Amino acid sequence: MDLFFNLAINGLATGMLIFLLASGLTLIFGLMDVLNFAHGGLFAWGAFSGVWVYDLTGSFTIGVLGAIVTGLLLGVLTEWLIIKPVYGNHVQQILITLGFMLVLSEMLKVVFGPNPIAAEPPAGLEGSFQLGDVILIKYRLFIILIGALVYAITFFILKKTRVGLIVRAGVMDKEMVQSLGINIRFVFMLVFMAGSALAALGGILLAPYSGVIYAEMGMEFAILAFIVVVIGGMGSFTGSLFAAILVGLAQAFMAYYVPSLSLAVNMLLMAAVLIFRPQGLFSLKGGA
Amino acid sequence: MTNLQMNKSTMAYTLCAIALLALPFGYDNRTILFLITQVFIFGIFAMSYDLLLGFTGIVSFGHAMFFGIGAYSVSIILDRNEPTMFYLVIGAIVAMAIAGLVSFIAGILTLRLKSHFYAMLTLALAGLFLVAAEKWRSLTKGNDGFVLQIPELFRDRTNLYLTCLISLIVLFFLVRRFTQSPLGRILMAIRENEQRVESIGFDIMHYKVIASVVSGVVASFAGVLYILSLRFVDTSVFATEVTLDALLMTIIGGVGTLIGPIIGAGIIEFAHHWLSELSDVHWIFERWIILFGIIYILAVIFFPRGIVGSLMHMWGKKRYKKHNQTKNEQKKVAS
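Chains A and B, in that order, are what the protein sequence lines are. Under my numbering, think of the first position of the first sequence as 1, with each following residue one higher. Under my numbering, think of the first position of the second sequence as 1001, with each following residue one higher.
Where hints are given, some of them may not hold.
[Said to hold, decoys possible] Straight-line C-alpha distance at most 25 Å; calculated DMTMM-like pairs for lysine to aspartate or glutamate: (1) B:1141 / B:1194; (2) B:1141 / B:1241; (3) A:109 / B:1144; (4) A:109 / B:1280; (5) B:1135 / A:33; (6) B:1135 / B:1079; (7) A:109 / B:1192; (8) B:1141 / A:216; (9) A:109 / B:1277; (10) B:1135 / B:1241; (11) B:1141 / A:220; (12) A:174 / A:33.
Honestly, the hints are just simulated from the structure, not real lab data. Just so we're clear, the structure is a prediction, and the values are computed from it rather than from any experiment.
Given only the sequences and the hints, what does the whole structure look like? Please build it.
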């Protein structure tokens, strides 16, 4: 039982981190048909800049804020420099965002050095506590809590506010929204910034969780996020939450029981979804 | 007119090929010859990439996986058995069969969906192969990789050079023939307008899968040659950088031109070589990939035809003008 809870919490925490990355990706894709292959780079930049600020100030909260600010700034930059010139051309979008990913992860090595950087949880979140005979690691619970909170806030914004209404409508049919006199390009930029900030938040939260950060982690998590987006359905926010948790849990359990298959299981999940339900489990519009 | 032009380009290629064939007999700088061999190998690899991106409009981010499949299949078979020609051929056949199968599966899973899906699936699949190569230590010896014996014939650098060059030439003409065949024309039509081709009555899925398989098989052959030139294999053959190299070569050389990616391979390999040497001068050259990333982004935005594509475009325009001029002059004379 002890083991089961540990694995489940581990999986949930990983799932939440992937969710932070995947939710921005899926909204951007749903809204503007842009698949941002540089999203993982924003994730890694969030982690490195956040840890840098954290080490500098000694406060984890300020570190997290630093990561979010980095995410917002990089989001504007990416949208303005990289996405805008190739708007409407799929192949070019895919090519250029991958190139930007390359530049982002190499720039990380230039700015922060090529070596992995260690990161520790803040004092208040270190250690664990016991509940019955189950040992709960505080930081993992903290990640799950933050993930749930982000989901709740974003869900509220999407469902209850005017901006959310516009975004949801834009995912369904962006020409229609445009024709109603709403500047969908501006909305898109906001979503892009928010998505980047979420990715950066995921990055800084990952740092103390895995204990070490390195430039290649952007690509590793980006692959997981792509799998999640395919499983959850392009453009579906709730879908990416469920799929992320599914992928996180599958990975945690497989890593313990059949370690050699831990990545394969996600691929198999994705292959199954692609065969039987190519639009994804929760898709709002056809993915095909 | 087109026939004449075709002969002209074939003649130019043949002249280049003869010059390259004669090169190792008159010039024996081992480093440079090795580098040129690498250019041939990556030329084949980039050409296979161009077949997908340039001729069919499919973006693959996992092309390294076919390269790696070729590399590992042949090295494992040569390592387990005696390093003879026979096992080398067996290894190459196994490599191409596995690559064909994997590209077929990837193709039928995602090619009926939007272009993003193929890119994502191949990226994820390549990641899977990389992890498998790292974890399946009994087969691949993990991260350390292993040194292998190769057949006597290819231990001589000149022989290897000639083999790679001849493979490149043969494959180039084969692939060019393929793209000029009716099937290749359909692939290009799919690139230009998928819906239209479908509405004419072609099963586009069928053709896209063929493109995917042919490209995968050619890429795995490049992997086989790569291992012969290195005589050492490790997990880096599956790295994303390999895919990125192919992408850079294709984009910078010229998408959809076949000769462009080969020229691109030359540029990237030589630039890589010289920029790494410059890293003693300033540390920024160690991160030469940033430079390439920026050039690549700029190329995608401002220079999407690449070097060869742009040259051909300019040349075509000029010829068109000249053609019109002579026509006008003829008209004047006639009137």
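Outcome of the hint check:
As the CA atoms of residue 1141 of chain B and residue 1194 of chain B are separated by approximately 44 Å, the hinted pair breaks the 25 Å bound. At most 25 Å may separate the alpha-carbon atoms for a hinted pair to count; residue 1141 of chain B and residue 1241 of chain B meet this at roughly 21 Å. At roughly 24 Å between alpha-carbon atoms, residue 109 of chain A and residue 1144 of chain B fall within 25 Å of each other, so this suggested pair holds. Between residue 109 of chain A and residue 1280 of chain B the CA atoms are separated by roughly 18 Å; this keeps the pair inside 25 Å, and the hint holds.
Taking the CA atoms of residue 1135 of chain B and residue 33 of chain A, the gap is about 36 Å. The hint is violated against a cut of 25 Å. At most 25 Å may separate the alpha-carbon atoms for a hinted pair to count; residue 1135 of chain B and residue 1079 of chain B meet this at roughly 19 Å. Restraint check for residue 109 of chain A and residue 1192 of chain B: the C-alpha separation of about 39 Å exceeds 25 Å, so the hint is violated. About 22 Å separates the Cα atoms of residue 1141 of chain B and residue 216 of chain A, which keeps this hinted pair within 25 Å; it holds.
For the given pair, residue 109 of chain A sits about 19 Å from residue 1277 of chain B by alpha-carbon distance, which is consistent with the 25 Å threshold. At most 25 Å may separate the alpha-carbon atoms for a hinted pair to count; residue 1135 of chain B and residue 1241 of chain B meet this at roughly 20 Å. Distance restraint check for residue 1141 of chain B and residue 220 of chain A: the Cα-Cα separation of roughly 22 Å lies within the 25 Å cut-off, and the hinted pair is therefore satisfied. The suggested pairing of residue 174 of chain A with residue 33 of chain A holds, with an alpha-carbon distance near 10 Å, which does not exceed 25 Å.
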